[in-house]
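Peer 1: All chains, please: the whole structure from these sequences, using the hints.
Below are the chains, spelled out letter by letter.
Protein chains: 2
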Amino acid sequence: MSAALRVEVINTGTELLFGSVLNTHISYFGQKLFSLGLRIQRQVTVPDGDAIREAILEAASRSDIILITGGLGPTTDDITREIVAALTGRPLEYDQSIFTEIQKRFAKRGAIPTSRVSRQAYVPEGATVLQNDFGTAPGLYLPARNEIPHLFLLPGPPRELRPMFEQHALPILARFAGNHELTARVFRTAGIGESAIEDQIGEQLLAIHGLELGYCARMGEVDIRVIGPASVVEQASEIIQKALGPQLVATDEIELEQVVVQQLTDQRKTVAVAESCTGGLLANRITDVPGSSKVFLEGNVTYSNEAKIRTLGVPSDLLDTYGAVSEPVARAMAEGSLRRTGATYAISTTGIAGPDGGTPDKPVGTVFVALAEKGRDTHAEKLLFPLDRLSFKQIVTQHALDLLRRRSLHETEGSE
Amino acid sequence: MSAALRVEVINTGTELLFGSVLNTHISYFGQKLFSLGLRIQRQVTVPDGDAIREAILEAASRSDIILITGGLGPTTDDITREIVAALTGRPLEYDQSIFTEIQKRFAKRGAIPTSRVSRQAYVPEGATVLQNDFGTAPGLYLPARNEIPHLFLLPGPPRELRPMFEQHALPILARFAGNHELTARVFRTAGIGESAIEDQIGEQLLAIHGLELGYCARMGEVDIRVIGPASVVEQASEIIQKALGPQLVATDEIELEQVVVQQLTDQRKTVAVAESCTGGLLANRITDVPGSSKVFLEGNVTYSNEAKIRTLGVPSDLLDTYGAVSEPVARAMAEGSLRRTGATYAISTTGIAGPDGGTPDKPVGTVFVALAEKGRDTHAEKLLFPLDRLSFKQIVTQHALDLLRRRSLHETEGSE
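Protein sequence lines correspond, in order, to chains U and E. Each residue of the first sequence is one higher than the one before, starting from 1 at the first, in my numbering. Each residue of the second sequence is one higher than the one before, starting from 1 at the first, in my numbering.
Among these hints, one or two may not hold up.
It does not matter which identical chain is meant; a pair holds if it fits inside one copy or across any two.
Unchecked claim - Simulated pairs of lysine to any residue, SDA-like, Cα-Cα distance not exceeding 20 Å: (1) Lys294 to Arg389; (2) Lys382 to Asp361; (3) Lys362 to Glu327; (4) Lys242 to Val186; (5) Lys108 to Leu384; (6) Lys108 to Pro386; (7) Lys108 to Leu403; (8) Lys104 to Leu384; (9) Lys382 to Glu234; (10) Lys32 to Thr251; (11) Lys108 to Met219; (12) Lys269 to Thr24; (13) Lys362 to Pro328; (14) Lys242 to Ala230; (15) Lys104 to Tyr122; (16) Lys32 to Arg162; (17) Lys32 to Val186; (18) Lys294 to Thr88; (19) Lys362 to Gly375.
In short, the hints are calculated from the structure, not lab data.
Peer 2: Rendered as structure tokens:
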């Protein structure tokens, strides 16, 4: 970790401040830079226009490297390139090879670039062009000059920025990288709250000299982040692993669904899902994981009662007697999915996501989750998550995945 | 719109810079403040610690209102409250009523708050407490004092912050609100690129005096944002609507899936989905919309060939002859879903999401989307989106939803 080198990030774009778009750059840069021993000291978002110039000047006085995103596109609100050229005293020069690349990209779709697009072929003198394999706007690297530190100009859209950053910017940044004196580790937990975690491990961890400690709570999970010299992080890791046991999902920032798919793959087991209130999110999270086709057989989003009957074989008298949001129906859904698919495990969800549909008996947020497995009794739980619709879907799938993780974990350890 | 009042946002949290967490606050604040005629001029993210103090001092010199998120929790890295108390010369006072609320919240889960949690009951002298209905950390409002502008301290987790902001912070902010001289409007498009849009409408819009214009491209959609006096925005709206026609998804920042669910609801039509490569995302996006249960009957995530055969009735010889990723199979999936569910429309997706599974003939990114409707020929398309797995899933569902939107739009207009 280089203590001396300060990295700042400037995100440009009125749309980022205006509410139209989520800024995903920081979390991405943070991870990539740490792997080089660099850390972001500060991040600023400014609207398109003159504020970009001010932000660069402010950051210049404090930092060694500035990453700037956005404002490289073809439209008239894209002016980062021009601002930086003026600020660093580098005239813009037309680069025919860039325009040729743009023409090729348009030709693939049978189109011809308009004159508007040719703006993107102008490069500040002495800048290194960072090729864009997924769009027309090339990135730029300008070495430090005139009191302005090293600048990286990168496109706004993540699917253009990320491949460019990894292939073309990171190799340059690696020259500035620190000496990796510090390591970082993240422990991801599920099924336990932030303050309960600190009650269990906080005092022991705070007693370790030279350890930087942080907690981060999200929907259904808490991350514990430890940073420090390798030996210190090792000491902390032992305390955390011993204290948290099966509540520890991963010793890394990997998603719960990745852990589940990995466990099932290792065990050559399969899963099917029968969703009502989570509406496909459970299947979607599992299939987000590359290689999930080895373990995921089928998902059925049985939103209507008719779908529950015809696809999962839920008896209609159960629906009449207990209602769709009930433990017997959750069990029948999971068991129906198991019969239908022959999977090792089947999970079901049925609940009231809201905002409407709640009753005094079953308020919005009520949910039943069931886990069926061949030759074993079906396990079912009633839970209450009175949240907005999307948070509800997220935390219910989190809970369902953690149920599956713990079940297959116990199989591995032979402790159940 | 108040030209005089400057709002800045400071997000605190090492995890935000470290790559663990996505910052969703800005887009949220941006939307809410604009409704009061206020706009965010700048946003900064700083790590936990002394940088918070520096950032407040810097923002203080430029702004009238500062919104600060994070660092109000129970753990030792939560120090925003203490920093602000020191900076504004307001001693921290213990507020028993806050602790009583915390106790009640713990009691609901059968728990007792630890002494650690009681830190959250301390309030800087003269501050207004903003009640937290979804967590233990209350928010704080500190009126301007000692060269420090109005401060709002808000909790980091969005599900705590948002209800608090709407119920308790916005009414206070409304006192500072501008005079709404400006209006903003966003037009969302699908199926057309950013520079093609500007080619169609750019010149006409730039010719309008006093219009602020911005474009924002995302996966499968582009937003056009116009800001200005009402008459000017009206003039721009007419140009945009006339030029873009059916490529215009919405005259507001609403999601494509909301438009689709609304159209189907108005027309009393229903939809079912049969997904392979999108793995549940299509069902998930539709069921994200409140009220979607009226139009969405069933989704089947038929990941394995067996699932395609047993659930959608895809003939096994089609799978043998053409492979799962083929036009005949996409058609058979959509038609099978239609037969199974009796929905008005059924959409299917089958493709290669990658990173593995591509062939020279069908590279990663190849996808077939089909739309079946009773009494009409099934429509099928072959597309190529050579992207990472998650972007691929996103853009394929975007395409599928837009196909459905255009089909049902034509129904409404009787033009097909």
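Peer 1: All the hints need checking, so say for each whether the structure fits it.
Peer 2: Now the hints, each set against the structure:
1. Lys294 to Arg389: between (31 Å within a copy, 16 Å between copies)
2. Lys382 to Asp361: within (13 Å within a copy, 49 Å between copies)
3. Lys362 to Glu327: within (12 Å within a copy, 45 Å between copies)
4. Lys242 to Val186: Answer is within: at 15 Å inside a copy they meet the 20 Å cutoff, but 52 Å across does not.
5. Lys108 to Leu384: This pair counts as between: shortest inter-copy Cα distance 12 Å, intra-copy 52 Å.
6. Lys108 to Pro386: For Lys108 and Pro386, the Cα distance is within 20 Å only across copies (13 Å; inside one copy 50 Å).
7. Lys108 to Leu403: The answer is neither: 47 Å in one copy and 23 Å across copies each exceed 20 Å.
8. Lys104 to Leu384: Result: close only across copies, 17 Å inter versus 55 Å intra.
9. Lys382 to Glu234: For Lys382 and Glu234, neither the intra-copy (39 Å) nor the inter-copy (52 Å) Cα distance is at most 20 Å.
10. Lys32 to Thr251: Result: close within a single copy only, 18 Å intra versus 38 Å inter.
11. Lys108 to Met219: The answer is between: 19 Å across copies meets 20 Å, while 43 Å in one copy does not.
12. Lys269 to Thr24: Intra 34 Å, inter 36 Å, cutoff 20 Å: neither.
13. Lys362 to Pro328: within (15 Å within a copy, 45 Å between copies)
14. Lys242 to Ala230: within (18 Å within a copy, 63 Å between copies)
15. Lys104 to Tyr122: Within one copy only: 17 Å inside, 63 Å across.
16. Lys32 to Arg162: For Lys32 and Arg162, only the intra-copy Cα distance (10 Å) is at most 20 Å; the inter-copy one is 30 Å.
17. Lys32 to Val186: within (15 Å within a copy, 34 Å between copies)
18. Lys294 to Thr88: Cα proximity of Lys294 and Thr88: none, with 53 Å in one copy and 59 Å across.
19. Lys362 to Gly375: neither (31 Å within a copy, 41 Å between copies)
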